[in-house]
Amino acid sequence: METRRGFLKKTIGGAALLLAAGAVPLALRKTQLRTPKRPLRFFTEAEYSVFAAVADRVLARGAAQVPRELERVLASRAPAPSPAELDVAGKADAFLAPIDAASAKELKQLLALFDNALFSLLTGGPPRPFTRMTAAEQDAHLERWATSRMAVRRTGFQALKRLSAAVYYGSPETYASVGYPGPPEELVRTVRAARARP
Amino acid sequence: MSGIVRGDQVAKDVLLTPDVCIVGSGPGGAVMASRLAEAGAQVVVLEEGGYHLKDEFDMQEATAYPRLYQDRGNRATADLSIAVLQGRAVGGGTVVNWTTSFRTPDDVLAFWREKEGAALTPEALRPHFEEIERRLGIQKVDLEDVNANNRALYEGCRKLGWAVDTTSRNVRGCLRTGYCGMGCPVDAKQSAALTYLPDAVARGATVYANCRVRRIEWTGKRATAVVGEVLLPGTQEQTGRTVRVEPRVVVVCAGALNSPALLLRSGLAQGPVGKKTWLHPTVAMIAMYRDPIEGFYGAPQSVASHHFAHRGADAGFFLEAAPVHPMLSGIALPGFGASVTGQMGLLPHVSVSIALMIDGFGDGEEGGTVTLRPDGGPRLDYPQGARQFECFRASMEALARVHLANGALRVTSLHVPPVTIVSEHDLPALRAAPLGPNRCGVFTAHQMGGCRMGSDPARSVVNPELRHHFVENLWVADGSVFPTGLGVNPMESIYGVSSWAAQHVRSALAKA
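Line by line, the protein sequences are chains A and B. In case it helps, the numbering used here puts the first sequence at residues 1 to 198. In case it helps, the numbering used here puts the second sequence at residues 199 to 710.
To be clear, the hints were calculated from the coordinates, so they are not data collected in a lab. There's no promise every hint is true.
[Claimed, not checked] Partial list, derived from the structure: chain B residues whose beta carbon lies under 8 Å from chain A:
1. M257
2. A260
3. L278
4. C372
5. L373
6. M525
7. G535
8. A536
9. T539
10. G540
11. P572
Every residue, glycine too, gets a C-beta built ideally from N, C-alpha and C.
Generate coordinates for the entire structure from the input sequences, incorporating the hints supplied.
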């Protein structure tokens, strides 16, 4: 969720990476494009597509290691809406629209670097943009960023991960899938009314 | 004009000449406004955040964090390694905090007097705390009112023979819904917006909400004006209107991080402004229980253990609980994919306990530093080193042991990737897991320091009476004046210290 300025430039490595990534505009790097569901206010279409692809994997379901005693509980949960159904990238776009120029520039640089095929190759991944990798390759890519020895990549991973998770789990449509009944609105309404009486 | 004025009600530029201008309406600013207005001073309070009342508090995280927190819930250290929860509203952090109320520990006050020449004593603060506790309804929680999330911490500590107790909370008629962090929906929490600010307004004070102070103007040893830009409620865009206040006395109560940033923006960089910022850096552990805990409901914080508050040369820490709502949990879980979505699917079975590092008491400990971002806001850096790592490891082990003792099925850390503990045999793995920026989740809900008080202008920003060392009619009265962390939740200390400082501001007004 955070988009603090300075986090990419903090290290010399970060500055060099930004130079490398900045040498080619994102649009030329053959990002696999997705069509936004509403007009974009912050992302370009390519940035929207990268973020949407990240959100898909960050919030992917799978065989989770949970205590055996709770496997049935997990299996009984209501189905979760997909990040695409919730338009996580579109909601992130709206959230990011008012951020300041310096933060915006950094986040855009981060998305460009994250989808950069050359950078993927140089850091042990396949020579493809993130948006054109298989799901397994994407997970390995995320893992490399999350646990990188380069602080700037760990920061970048957290920025994308937290924003995806914040938008997704802040949406009431996901509450049933995590077993959260939601706020006690009826109780609060009743008490407000009772206390409003003279 | 008195009352609370919103940004959209300011139709033209405003020039005001009251006795006092207070910047910020959190606990420091609110009680200061109340005390000075009560003494007959004309008071104007400028507050960047909006004025929000209970009917707007919908108990939804997606509404509350952007509306009621700094940087729309997005504040963090520059490298994102520490997420910063800090309120931003009329009433400041008291609108969104979890109500935990402690007086300043005596040994902390003694340390401040001894090391920094502070004047504060338990005796001097006592009448202030007593009045504040009455006004805010601060009372100790009954054990039967503790929710299962806090109860897990309580029982685990008891089983280990560790000191633990219920806390005191500033509530009246609390329903224990669990939504303190999103603004109390039934006005049970006695926030500054419901107590000291209305008290001040009743005595003629005016509060400008949605007014972001850009700078303090000063010449020689006098602050001459405070200049604020008016924001639109909701979008927080500038309206182009300004509020200019030319008071006799200025009191900065914008909170740690924002107070030092305001001084820096104003060219008041004398002394260690922004230095030695303390955060009570906080780690968390996630325990999974067979029976539902439902940590999203019930008073979010009602139990604390200070068993490890004093650890000799190592940093002490204290243990509390944190509410378990989906958005904050989703942000905090460190990995991605099934490891996040699987744990989230079991949210009602999760208990979250936190350990807060008591920073500021180590030899040569520097803490964090506030400088200015390009847009003038505070940039925070807080390097993590050996002292933090030792404390985090000891903290996480303590939290793991609490939940193992209490019968948790398993406990997981916020390392990337997480360490899973099902028995004491797994504790060495927890100790061995790497730490460092964004290798393990770290948070802060307690920001302190940056305008520390003291007798030496080279080591402090304000003097023992909280007056600026160089500008004679400028005061700072909020958590930023604390020379160290507190070892307890800071709200009541901020109220108490500001209430105490108000007498000094009052006598300065009488002389001016």
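Find the hints from earlier in the document that the structure breaks and name them by number, from lowest to highest. Going through the list in order, the structure violates hint 4 alone and respects the others.
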